[in-house]
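Q: Letter by letter, the chains look like this.
6 protein chains.
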Amino acid sequence: MTYQPGTTGVVVQNIERAEQSVIDGLAECGVATVHEAQGRKGLLASYMRPIYTGARVAGSAVTILAPPMDNWMIHVAIEQLQEGDMMVLGTLSPSDAGYFGDLLATSAMARGCRGLVIDGGVRDLKDLTEMGFPVWSKAVGAQGTIKETLGSVNVPVICADAHVNPGDVIVADDDGVCVVRREEAAEVLEKARKREANEEAKRAKFREGELGLDIYDMRGRLAEKGLKYV
Amino acid sequence: MTYQPGTTGVVVQNIERAEQSVIDGLAECGVATVHEAQGRKGLLASYMRPIYTGARVAGSAVTILAPPMDNWMIHVAIEQLQEGDMMVLGTLSPSDAGYFGDLLATSAMARGCRGLVIDGGVRDLKDLTEMGFPVWSKAVGAQGTIKETLGSVNVPVICADAHVNPGDVIVADDDGVCVVRREEAAEVLEKARKREANEEAKRAKFREGELGLDIYDMRGRLAEKGLKYV
Amino acid sequence: MTYQPGTTGVVVQNIERAEQSVIDGLAECGVATVHEAQGRKGLLASYMRPIYTGARVAGSAVTILAPPMDNWMIHVAIEQLQEGDMMVLGTLSPSDAGYFGDLLATSAMARGCRGLVIDGGVRDLKDLTEMGFPVWSKAVGAQGTIKETLGSVNVPVICADAHVNPGDVIVADDDGVCVVRREEAAEVLEKARKREANEEAKRAKFREGELGLDIYDMRGRLAEKGLKYV
Amino acid sequence: MTYQPGTTGVVVQNIERAEQSVIDGLAECGVATVHEAQGRKGLLASYMRPIYTGARVAGSAVTILAPPMDNWMIHVAIEQLQEGDMMVLGTLSPSDAGYFGDLLATSAMARGCRGLVIDGGVRDLKDLTEMGFPVWSKAVGAQGTIKETLGSVNVPVICADAHVNPGDVIVADDDGVCVVRREEAAEVLEKARKREANEEAKRAKFREGELGLDIYDMRGRLAEKGLKYV
Amino acid sequence: MTYQPGTTGVVVQNIERAEQSVIDGLAECGVATVHEAQGRKGLLASYMRPIYTGARVAGSAVTILAPPMDNWMIHVAIEQLQEGDMMVLGTLSPSDAGYFGDLLATSAMARGCRGLVIDGGVRDLKDLTEMGFPVWSKAVGAQGTIKETLGSVNVPVICADAHVNPGDVIVADDDGVCVVRREEAAEVLEKARKREANEEAKRAKFREGELGLDIYDMRGRLAEKGLKYV
Amino acid sequence: MTYQPGTTGVVVQNIERAEQSVIDGLAECGVATVHEAQGRKGLLASYMRPIYTGARVAGSAVTILAPPMDNWMIHVAIEQLQEGDMMVLGTLSPSDAGYFGDLLATSAMARGCRGLVIDGGVRDLKDLTEMGFPVWSKAVGAQGTIKETLGSVNVPVICADAHVNPGDVIVADDDGVCVVRREEAAEVLEKARKREANEEAKRAKFREGELGLDIYDMRGRLAEKGLKYV
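Chains as they are written, first to last, in the working numbering: chain A, 4 to 233; chain B, 4 to 233; chain C, 4 to 233; chain D, 4 to 233; chain E, 4 to 233; chain F, 4 to 233.
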């Protein structure tokens, strides 16, 4: 059964995931390449920034729908985590409060979680950085949250303008966050690999000083469009 | 005598400070814990960000009320600094100009100042980072300021939506900035210590894989609210 | 011949540049000092932030006027680069798409380019950081761009609210970006050097605990304006 | 068959709609009441503002998924409009360009369309206002768009952080925009009507000077929580 | 007794107010004139915008300190309102939820309240506009609030970066909002009146085509500063 | 002689203007049409909003370069105004202060000025609206300014990301502001007129229910791109 985005009060326990090797491959490719390989779709809004630089991860989305300023559902979600998952939190209405900190990170890491993507705030940055638990968030904020109202776990959510289904593959690095549909993950990886191979060849030429104008054979089309050199 | 927030033309020379051991204790606890321990109040607006990551400090507030684009009062404030103080600057009307740079930091450090919290802009980031002088600011900006108009030193100020009295304790780290009333500092530290002790025990359990659902005994209340596992 | 800002379809091949020693001198001085030395003008908008901290560079501007979401002209511009140049990209209408990534950086570095200032988005941050190619941008974004429409290279452009002529000197560091007119570069460097020498002397005094109030002889003027110590 | 949010290249021609009387009833209730009646969900982001004040409308969503800066799909969508529909446009990546103006509004009005909700820009405001065609948008912008790339019509879209299915009921007024699931529309209207009746009785009491403290019997609970009158 | 800004759980029942004739006089002068007359202080942040244009009011501040997303204290405050008062709401942590709508406005108007200044969101704009109840707010938002947590009434609050004491005079019009200390209200009115008289004479001259350059005798000083006519 | 953008201390007295009939024609066409007619260039940033709706004007630019928070140069500029001019103000560094109010508007109207475009703040909105003096601005703000530092009049300026030469034609309405180069004004008008004539014919067809898909003959190209109707 499929739930409507926005459904509250439900925890879906068995979700399908992409193959781990596919997920790991997508992590290696990174956000920009994966985004291109799947036809330039799936990017989360660019306000989602990593709390520290240099992380590049991918995982199966365990989705969390949270009421504003309420982080109760994160505890519920952690029980559903498997090795290699990432948590993706969307809210019922926007808030920059600090839903997530080092205690929850400790718990999530103990379950094998690779990171968090949260359309809200995060705190305990110093600890999270030292622990090496990467978070992409809309805000940094110490403001505490409550545990009063139900949301859901593993229903479709909207996170930073993107639609994420439970089990979709999340790729995240310094460029932001990209979601890949579970069903398309293997095919996207294949395209991303080709793109990378192609880019490696180009990179070598660029390094030697060849110009994109020549490598991509652009001069004719530029002249046709009327570009004048003066 | 107490001054109204916004009073200009006054330098209050003798301000009361909290005990140094209390201040140092609050620094160790950090912003998120202190904010929780005092009942979730005192946070400055989340647009206040550190110029470099990893600093965690506390100090007695030497407050500065500055006219827009005018940093004259910072010079006046530096004379009032004691070992262990932090400067807190609010403006009479908003500006992102660069009120503070490496020369002023050199002067403040020579007086034992531990950092600056400024509802405006800062410049010379490369130097400040190398010197290890932490600043939390609204903006980074090289735009120069002038020295034309009086503000005040050590009157109550509004800084990033928070009310700061001279002598209040300022706690700042990667999560932002929190102000603790001087009179409440000892009590807040005590509560923060308890919170930390409590969290340490929880952290150990989380590390071993225990769930928040069990540690906090949440399952019953979740079921009562109607959470369904499917 | 001079082109109007906003002219499309033109590549100006021979631009005048400032002397390399002057450019290198300006890099050493940094943005805040150069901005002050030239009378507090030339700063780009403060939303221009570096993708990593610690870089401090200067170069002759090779300007790029780009249509929104179209990075074709960057390829054209790279052919015009000489050792010691920086690229400065303004757009015909705003966009946060990722115009520039590691392949273009590889190509630009092969031509001796020292960095990019772009009033738009950049991607492949992890690679650019590892390569040591500094970029100051309005946004980070993985969103791909196209190669459909002509802009220009080496015409005057508006970048982050500043007017940049081809051949102007661009100075950039953690404080932001500043443009110096080519014709004024030598004179600005001289003034910046004087300012630095002057500051060095002051810095020594500050380090020893002398106060700005005394160094700059401010006490009289403060009293005149009515400052009261209480 | 159901399409994934984000699917491009598809026009779904037959969509189910709620009953017209239910839709009209929801329009009368307005955004705030409908939002409350359905359990405080369904609000679009508050950056969606009307181009003129005073409009209050509802309609069945004909959804449009548009590439950035490309308004081709609006022409395709207009053919799918029925009397009483509203258009809802989400984009594949954000842009503030002016996707919609008076010509398209003339065409849409001729098909009985009641308004547009667009997560992008709109232009020809003076004409649209005179025509009485209401638009809720993220931006006002004259920047032209192109007709190059396919999106979709009547697939699920994300518009201003909300998930909208084709045929869902859109309610919009000066307070913003709210989406009601088609299947829940009748039930939500019933609850909204009850809420309104209840509020009308309260409004009369308030008008006569009765206090909410008494009408809602709040004094006891406030005292219990510790509120002190001094 | 005076309370610290931020104190929760207290309702101060007897506050001092400025004379009604002074308040009414300040309303006639408007925000820009009053702000100038009191030495350019007291402006609330410029993000505070009226929900409809053309209102110009003043009143004694009944202050409300509200927890985020909780409008309970507004009910408590309404009991404290007297004819000629304005409500001023600051929050313990920021939220754009819709704290205030037409029912509360009906209640407040029945008590003689002249308007609301709220560092948060407001809803029911269509009704409030028709009722003629002016509101200056940070946001428009239909999102509902709760009644769970105590704040305070008539303690000092921070509202949109300004410090407001209960009983201070609030002046508001299309230019924004300005606060005048109760103790200074009469003196500020006198200065504002003088300013207005002075401006009226100038306005007549301007209307006849005289230039500010001559009316204010600026030509000499401009020449002195080096202004060149070419 | 031509001045560099950013030159201070200069007033250029004799500027060339476009023909009045051309300017008036551009006003009739409005911003969106003019922007399209000149090849989609010349738009000022979309943050420039009118203080009241419904105005549609054009005029020759009398440009003002103003230091931050200093409106002295507006007085200087007013002397340079001729019947049919508009003032365009750019700043040396950004500020939202209220540079312009009803007195200056009275003076400018007496000289035949048709409006103001200001990359800063404006105040006295109630008066300006009643006087019918249209202003497009970045901000509304009552904050006062000073008269201390020289800028320039009638040198090229950057206003809201656009380059404006003295004598260029400014077109402004509810959609924003567009600048047309003086030399191109007649040609742009001609194109705009053609565009309007063309649109009028289309509008009639749209009114009768014809579809853009047929009027613009789009069906073939959509099918070619792969659009599927289901």
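The set of hints was computed from the structure by calculation and includes no laboratory data. Mixed in with the good hints there might be a few duds.
Since the list can't tell identical chains apart, any single copy or any two copies may satisfy a pair.
Result set (DSSO-like, lysine-lysine): computed pairs, CA atoms no more than 30 Å apart in a straight line [unchecked claim]:
(1) 150 - 208
(2) 44 - 194
(3) 44 - 228
(4) 231 - 129
(5) 129 - 228
(6) 205 - 44
(7) 150 - 228
(8) 208 - 228
(9) 194 - 129
(10) 208 - 129
(11) 194 - 150
(12) 197 - 44
(13) 44 - 208
(14) 44 - 150
(15) 208 - 197
Q: Indicate, hint by hint, whether the structure satisfies it.
A: Against the structure, the hints come out as follows:
1. Taking CA atoms no more than 30 Å apart as the test, residue 150 paired with residue 208 passes between copies only; the shortest distance there is 20 Å, against 56 Å inside one copy.
2. In this assembly of identical chains, residue 44 and residue 194 lie within 30 Å of each other by CA distance solely inside one copy; the values are 14 Å within and 37 Å between copies.
3. For the homomeric pair residue 44 and residue 228, the shortest alpha-carbon distances inside one copy (29 Å) and between copies (18 Å) are both at most 30 Å.
4. Taking the shortest alpha-carbon separations for residue 231 and residue 129, neither the intra-copy value of 54 Å nor the inter-copy value of 36 Å comes in at or below 30 Å.
5. Proximity of residue 129 to residue 228 under the C-alpha cut-off of 30 Å is found in neither arrangement, the shortest distances being 53 Å within a copy and 35 Å between copies.
6. Taking CA atoms no more than 30 Å apart as the test, residue 205 paired with residue 44 passes inside one copy only; the shortest distance there is 24 Å, against 34 Å between copies.
7. Taking the shortest alpha-carbon separations for residue 150 and residue 228, only the inter-copy value of 11 Å comes in at or below 30 Å, while the best intra-copy value is 61 Å.
8. Taking identical chains as interchangeable, the C-alpha atoms of residue 208 and residue 228 lie at most 30 Å apart only when both belong to the same chain, with a minimum of 26 Å there against 34 Å between chains.
9. Taking the closest pair of Cα atoms, residue 194 and residue 129 come within 30 Å of each other only across two copies (21 Å); inside a single copy the shortest separation is 37 Å, beyond that limit.
10. Proximity of residue 208 to residue 129 under the C-alpha cut-off of 30 Å is restricted to the inter-copy arrangement: shortest distance 21 Å between copies versus 42 Å within a copy.
11. Taking the shortest Cα distances, residue 194 and residue 150 sit within 30 Å of each other only across copies (21 Å), while inside one copy they are farther apart (43 Å).
12. For a Cα distance limit of 30 Å, the shortest separation of residue 197 from residue 44 inside one copy, 18 Å, qualifies, whereas the shortest one across copies, 38 Å, does not.
13. For the identical chains of this complex, residue 44 and residue 208 are intra-copy neighbours only, at 29 Å inside a copy versus 36 Å across copies, given an alpha-carbon limit of 30 Å.
14. For the homomeric pair residue 44 and residue 150, the shortest alpha-carbon distance between copies (18 Å) is at most 30 Å, but the shortest distance inside one copy (35 Å) is not.
15. For the homomeric pair residue 208 and residue 197, the shortest alpha-carbon distance inside one copy (17 Å) is at most 30 Å, but the shortest distance between copies (45 Å) is not.
Consistency note: the structure conflicts with the earlier hints numbered 4 and 5.
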